[in-house]
Amino acid sequence: GNSVTQMEGPVTLSEEAFLTINCTYTATGYPSLFWYVQYPGEGLQLLLKATKADDKGSNKGFEATYRKETTSFHLEKGSVQVSDSAVYFCALYGSGAGSYQLTFGKGTKLSVIP
Amino acid sequence: EAQVTQNPRYLITVTGKKLTVTCSQNMNHEYMSWYRQDPGLGLRQIYYSMNVEVTDKGDVPEGYKVSRKEKRNFPLILESPSPNQTSLYFCASSGQGTWGYTFGSGTRLTVV
Numbered sequence: 001g002n003s004v005t006q007m008e009g010p011v012t013l014s015e016e017a018f019l020t021i022n023c024t025y026t027a028t029g030y031p032s033l034f035w036y037v038q039y040p041g042e043g044l045q046l047l048l049k050a051t052k053a054d055d056k057g058s059n060k061g062f063e064a065t066y067r068k069e070t071t072s073f074h075l076e077k078g079s080v081q082v083s084d085s086a087v088y089f090c091a092l093y094g095s096g097a098g099s100y101q102l103t104f105g106k107g108t109k110l111s112v113i114p
Numbered sequence: 115e116a117q118v119t120q121n122p123r124y125l126i127t128v129t130g131k132k133l134t135v136t137c138s139q140n141m142n143h144e145y146m147s148w149y150r151q152d153p154g155l156g157l158r159q160i161y162y163s164m165n166v167e168v169t170d171k172g173d174v175p176e177g178y179k180v181s182r183k184e185k186r187n188f189p190l191i192l193e194s195p196s197p198n199q200t201s202l203y204f205c206a207s208s209g210q211g212t213w214g215y216t217f218g219s220g221t222r223l224t225v226v
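These protein sequence lines map, in sequence, to chains F and P. Oh and the first sequence: position 91 is 91 in the numbering used here, straight run, nothing missing. Oh and the second sequence: position 41 is 155 in the numbering used here, straight run, nothing missing.
Calculated from the structure, these hints are not laboratory results. Since we're looking at a predicted model, the values are computed, not measured. A couple of the hints might just be wrong.
Computed Cβ-Cβ distance ranges for the label pairs, DEER-style [as the list claims (entries may be wrong)]:
1. P/Lys132 - F/Glu69: 37 to 43 Å
2. F/Val82 - P/Ala116: 45 to 51 Å
3. F/Glu69 - P/Thr134: 43 to 49 Å
4. F/Gly61 - P/Asn198: 35 to 41 Å
5. P/Val128 - F/Lys68: 48 to 54 Å
6. F/Thr28 - P/Lys183: 41 to 47 Å
7. F/Thr5 - P/Arg222: 24 to 30 Å
8. P/Glu167 - F/Thr70: 38 to 44 Å
9. F/Glu42 - P/Asn140: 35 to 41 Å
10. P/Glu176 - F/Ser3: 18 to 24 Å
11. F/Glu15 - P/Lys131: 45 to 51 Å
12. P/Ser219 - F/Phe18: 30 to 36 Å
From the structure, some residues in chain P lie toward chain F, with a derived Cβ separation under 10 Å [unchecked claim]:
13. Val118
14. Asn121
15. Gly154
16. Leu157
17. Tyr162
18. Asp173
19. Tyr215
Cβ coordinates follow ideal geometry from the N, Cα and C atoms, glycine included.
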């Protein structure tokens, strides 16, 4: 079945540091890939998405490129801010069996300190 | 405003007392789903529905029931809650032509 593996947290960075959160996936067919963000006490918000190989999703300074050859979708940001402190989830929206299921990684908690 | 609305936001109940968490969406989405979020386990799907009267089990359906009598509503029912169902629950919806899901704000359930 489909699965998503993302780097374990927590991750603590200083403001303006470079961020990478690794995400790899296993899926049949051609899934769509997402990053969701959960701010403290809130639900999940879609951060960015990519629907086919080599697509780059971007939003609020975050980027991730759909790499089919390495089955990866790493999240990056060049300069993090305190307001980026949140839990980040990589997710896969599958094709084939279970195609309406959104499969999540376990989440990576990011803390940005001034 | 397009949204998924869950109620209640917080609930404390006792073991064995039946409860229902409601979920409603105003986007005419076909697909709806329930997830639970637990520390170290991420989000796991409980049940999902592809349309009215069409529901199926997700990864962790034991102890839960759902129904989809109307397109906009997808309630989660715990017939006999147990402490291991203490969790943060999210409802989500998605429609044809959209990507990914829109999530509700969550329901924090504590079963004592």
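Hints versus structure:
no. : hint                           : result
1   : P/Lys132 - F/Glu69: 37 to 43 Å : violated, 50 Å
2   : F/Val82 - P/Ala116: 45 to 51 Å : violated, 29 Å
3   : F/Glu69 - P/Thr134: 43 to 49 Å : holds, 47 Å
4   : F/Gly61 - P/Asn198: 35 to 41 Å : holds, 40 Å
5   : P/Val128 - F/Lys68: 48 to 54 Å : holds, 50 Å
6   : F/Thr28 - P/Lys183: 41 to 47 Å : violated, 33 Å
7   : F/Thr5 - P/Arg222: 24 to 30 Å  : holds, 27 Å
8   : P/Glu167 - F/Thr70: 38 to 44 Å : holds, 41 Å
9   : F/Glu42 - P/Asn140: 35 to 41 Å : violated, 19 Å
10  : P/Glu176 - F/Ser3: 18 to 24 Å  : holds, 20 Å
11  : F/Glu15 - P/Lys131: 45 to 51 Å : holds, 47 Å
12  : P/Ser219 - F/Phe18: 30 to 36 Å : holds, 31 Å
13  : Val118                         : holds, 8 Å
14  : Asn121                         : violated, 13 Å
15  : Gly154                         : holds, 7 Å
16  : Leu157                         : holds, 4 Å
17  : Tyr162                         : holds, 6 Å
18  : Asp173                         : holds, 9 Å
19  : Tyr215                         : holds, 5 Å
The structure does not agree with the numbered hints 1, 2, 6, 9, 14 stated previously, though it agrees with the rest.
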